[in-house]
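Sequences and hints are given; from them, build the entire structure.
When we follow our numbering, the leftmost residue of the sequence shown carries the number 1, and every step to the right adds one.
For the record, the hints were derived by calculation from the structure and aren't laboratory data. Note that the Cβ used here is the ideal one computed from N, Cα and C, for glycine as well. Do not take every clue at face value.
Unchecked claim - Below, computed lysine-lysine pairings styled on BS3-like, alpha-carbon distance capped at 25 Å:
| hint | residue 1 | residue 2 |
| --- | --- | --- |
| 1 | LYS97 | LYS67 |
| 2 | LYS250 | LYS281 |
| 3 | LYS281 | LYS427 |
| 4 | LYS427 | LYS279 |
| 5 | LYS279 | LYS250 |
| 6 | LYS67 | LYS250 |
As the list claims (entries may be wrong) - Label-pair ranges, simulated between beta-carbon atoms:
| hint | residue 1 | residue 2 | range |
| --- | --- | --- | --- |
| 7 | LEU106 | GLY143 | 27 to 35 Å |
| 8 | LYS67 | ASP316 | 47 to 55 Å |
| 9 | ASP316 | GLU22 | 44 to 52 Å |
| 10 | ALA333 | SER140 | 25 to 33 Å |
| 11 | ALA60 | THR8 | 40 to 48 Å |
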Amino acid sequence: MTGASLVTASCQQIALSIACGETSALQLTREVLARIDSLDSRYNSFTCVTHERALAEAQAIDNMRSKGAALPPLAGVPYAVKNLFDIADVVTLAGSKINASHPPALEDALLIKRMGEAGAVLVGALNMDEYAYGFTTENSHYGATRNPHDVTRSAGGSSGGCGAAVAAGLVPLALGSDTNGSVRVPSSMCGVFGIKPTYGNLSLEGMYPFVHSLDHAGIFARTSHDLITSYALLAGQALSNPAPSMGELKIAIAADYFEQGEPQANVAVQAVATALNVKDKVILPEVARARSAAYLITASEGANMHHAHLRDHLADFDPHTRPRLIAGAMIPADWVIQAQRFRSWFYQSILAMFNEVDIILAPATPCSAQLLGQENMVINGKTMPTRPNIGMFTQPISFIGLPVVTVPIQNPNGMPIGVQIIAAPHKEHLALAVASYIEALGVAHAPVVTN
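Spelled out as structure tokens, the structure:
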């Protein structure tokens, strides 16, 4: 196993290579760090590379092996995190200029601690939209993250650095966050697997918040197996292989609202549906209204979170973030109250749908990755602003905290696009099982990037 072979290696393969002595964790980590130093100027996925820490963690794994100790499941596996996770002795930027003046974090976020317990090696922090408020990772402070499949295009956001780093083979695993689609959008555009679990299932301790009632932690990987393993470890669950028979699951395609994307989005959903022999469709009620309500809650809670910054550091905000937070600060309270009331109704309505189906399929994005700097896009014949509308299919789902696994589907135009596998609350194992099944069929896979 070499740094270059990480382009296609899974976490399982890396851990096995180290455990059997094919390579050492230290040697592999050195090669990974060199690969990042050499290649990331092309993608701009990292904002900080933790060289010394990574080498120390790798040496600790090698010491365990030399003593004959049993190695943890992710021993020596390199990973990185969105730069809103606290990393001890590193400033938690959250994509902002304002936070750059803060003191370094005193300790790791809880999920980083769990990754360490599992033997994984942290190699750095990843670029993002400022304060996670965006879908394109075109950050005015730290630069745009570029899509490894076409560097003229967006990696998605707000966890764009995560999606790009995994797609480029710089790391096989990354931790991000998803408020309105920030795991699923980069997964779709960068062609990797991603999971946004049920709201609250992964700890947010030590993560810089955006919208308390919508924030989720999430995971990016190149294989469904790596999602299964890492999610189980981070959620504190026993490792298992969630493999119900596909014939036992009732699966349907989300129709109507979710069919208004570009042809490649619908073709991707149909490819998954055909592989699963799914023909039934369901119509989720009032989806457009759910998205509007999510916008109101996002804007108002986000503005409340940054009220002091708006007052004292207005000029230091990213110009794409600043007007949205100012507008959020002026939303009337009764609008937000009505949005929250509707949220409860929408949640109960969707729960009732899951009495009839186990899984719902929907596109993750309305199109594949757009060009960097593209202000508008045409979707289904309609011209609309790019930045807010890339999340049109993800926002209504995270609005009520449903678990989703995004799987990458290759398109004829060469750019990947993702499909959301949506399950009922706390049924992540079903969505992961479907992802694993269609990956085994070759329908979903993370395309190899030639650096």
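**OP:** For ALA333 and SER140, compare the CB-CB distance with the range 25 to 33 Å and indicate the outcome.
**Re:** holds, 31 Å
Subject >> Satisfaction of the hinted span 40 to 48 Å by the C-beta atoms belonging to ALA60 and THR8 >> reply: violated, 27 Å
Original post:
Given the hint that LYS427 pairs with LYS279, does the C-alpha gap stay at or below 25 Å?
Top reply: holds, 22 Å
Original post:
Has the given pair, LYS279 with LYS250, been kept, meaning a C-alpha gap of at most 25 Å?
Top reply: Satisfied, since the Cα-Cα distance of roughly 11 Å is no more than 25 Å.
Subject >> GLY143 and LEU106 - C-beta distance against the hinted 27 to 35 Å >> reply: holds, 28 Å
Original post:
Lying within 47 to 55 Å: is that true of the beta-carbon distance LYS67 to ASP316?
Top reply: For LYS67 and ASP316 the Cβ distance comes to about 50 Å; the hint holds.
**OP:** Starting from LYS67, check that the Cα of LYS250 is at most 25 Å away, please.
**Re:** violated, 49 Å
Subject >> Pair hint outcome, LYS250 versus LYS281 [Cα-Cα no greater than 25 Å] >> reply: Within the cut-off at roughly 11 Å; holds.
Original post:
Within 25 Å, alpha carbon to alpha carbon, are LYS281 and LYS427?
Top reply: At roughly 20 Å apart (the allowed maximum being 25 Å), LYS427 and LYS281 satisfy the hint.
Original post:
Is the Cα-Cα distance between LYS97 and LYS67 25 Å or less?
Top reply: violated, 45 Å
Original post:
Are ASP316 and GLU22 spaced within 44 to 52 Å by their CB atoms?
Top reply: Since ASP316 and GLU22 have Cβ atoms about 49 Å apart, the given range 44 to 52 Å holds.
Checked against the numbered hints given earlier, this structure breaks hints 1, 6, 11; the rest are met.
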